[in-house]
Amino acid sequence: MKYYRFLLPAFLLLSIIGRAQTKLTSFSPGAIWPDDKGVHINAHGGGILYDNGVYYWFGEHKITGDAGNRAMVGVHCYSSKDLYNWKDEGISLSVSPDATNDIAKGCILERPKVIYNKKTKKYVMWFHLELLGKGYSAARAGVAVSDKVTGPYKFVKSYRPNPGQMPFYPALTPEGDKVNCVNPATETDKFFCRDMPGGQMARDMTVFVDDDGKAYHVFSSEENYTLDLAELTPDYTGHTGKFIRIYIGHQTEAPALFKRNGIYYMIGSGCTGWAPNAARWFSAKSIWGPWTYHGNPCQGPDSKITYGGQSTHVLPVAGKKDAFIFMADKWTPKDAIDGRYLWLPISFKGDDIEISWMDNWNLSVFNK
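Per mature numbering (1 follows the signal peptide of the UniProt record, and there is no 0): the sequence shown = residues -20 to -1, 1 to 348.
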């Protein structure tokens, strides 16, 4: 009996080691994606930071069932050097057991993104936050900081951005194109004016650091009918009060911002709850606009539902020219932990972009 007791654990150990050593060499969009422990990666609605030769993937940690749509654990972190194989780095930001805390267990904490501030040497995490038991009425932006990329991150504050501030308008903007809170021209303008004293609603979001080191926060606002693009303070933990409104009057979620050849690009989605819809993309020659709407970048079968997913991030591949990966989540709200990841390469036709479905692919597609 002693002999068999010894053999069984050894056999299991060898099995685990063998599984862990099976290295992935390609992406399979929509498939189970095992981490270094053989467990499906749990980093939903996430974003990726490239830091000192390593990619760090931050996302919502889900649990099984409907409860997984709320933050029961926090933000999960994974690391990778090749983008195919990911090491579990644990929970980088934990929710609080204190029900009065802004990030109390059971709150809604979505779309975490991390950026690095070269001046302060701090890692800064932003996320969309809904307070415990308040549904989606709070519509806040939350921020946390850490000295280490993997955390632990310390929650700083949550709030609605830019209270009391009017949008920034380029010189020569006609007065008729500006919001007028004395006599709002549209329902969307009414939402803006209603919220101006306490700050604008901030739901689906991303953050972006430009070449000059300035950082920006992009978020769904005005009951999701407008995207706000707002400048962050030099330490990246607050807003300066300078912001613009993009695609006013059209419900837009899931913004993902990137830059190529001096042009700013943004991919987003419509607003249909958990159900997938057609993606949309925008471009601008200046971060402050004007931003031009271009329609759906996706091509082929199921392009009208973004292949079943919704944008969450666009990842520039380090060391490769014109190499950008469109990252999307395929939500499963009835069993949140089973959400899948759809990563696809972005193709460029001049300054236009296209996304096509691929069952399996690797980074060699960017060598063409």
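Think of the hints as simulated: they come from the structure by calculation, not from any bench. Note that the coordinates shown come from a computational prediction; the quantities given were computed from them, not determined experimentally. Be aware that one or more of the hints could be misleading.
Cut-off 27 angstroms, straight-line C-alpha distance, at most; resulting in silico cross-link-like pairs (DSS-like, lysine-lysine) [claimed, not checked]:
#  : residue 1 : residue 2
1  : K3        : K348
2  : K137      : K61
3  : K128      : K114
4  : K98       : K17
5  : K265      : K301
6  : K128      : K194
7  : K99       : K134
8  : K128      : K102
9  : K101      : K3
10 : K61       : K98
11 : K98       : K284
12 : K239      : K300
13 : K3        : K98
14 : K158      : K99
15 : K61       : K101
16 : K310      : K265
17 : K17       : K101
18 : K329      : K98
19 : K239      : K265
20 : K99       : K239
21 : K98       : K310
22 : K17       : K99
23 : K99       : K114
24 : K17       : K310
25 : K3        : K61
26 : K314      : K239
27 : K239      : K348
28 : K114      : K239
Each hint tested on the structure:
| no. | hint | in the structure |
| --- | --- | --- |
| 1 | K3 with K348 | holds, 24 angstroms |
| 2 | K137 with K61 | violated, 32 angstroms |
| 3 | K128 with K114 | violated, 32 angstroms |
| 4 | K98 with K17 | violated, 33 angstroms |
| 5 | K265 with K301 | holds, 20 angstroms |
| 6 | K128 with K194 | holds, 21 angstroms |
| 7 | K99 with K134 | holds, 19 angstroms |
| 8 | K128 with K102 | holds, 8 angstroms |
| 9 | K101 with K3 | violated, 33 angstroms |
| 10 | K61 with K98 | holds, 21 angstroms |
| 11 | K98 with K284 | violated, 40 angstroms |
| 12 | K239 with K300 | holds, 14 angstroms |
| 13 | K3 with K98 | violated, 33 angstroms |
| 14 | K158 with K99 | violated, 35 angstroms |
| 15 | K61 with K101 | holds, 22 angstroms |
| 16 | K310 with K265 | violated, 31 angstroms |
| 17 | K17 with K101 | violated, 31 angstroms |
| 18 | K329 with K98 | violated, 34 angstroms |
| 19 | K239 with K265 | holds, 10 angstroms |
| 20 | K99 with K239 | holds, 22 angstroms |
| 21 | K98 with K310 | violated, 34 angstroms |
| 22 | K17 with K99 | violated, 36 angstroms |
| 23 | K99 with K114 | violated, 37 angstroms |
| 24 | K17 with K310 | holds, 22 angstroms |
| 25 | K3 with K61 | holds, 12 angstroms |
| 26 | K314 with K239 | violated, 36 angstroms |
| 27 | K239 with K348 | holds, 20 angstroms |
| 28 | K114 with K239 | violated, 36 angstroms |
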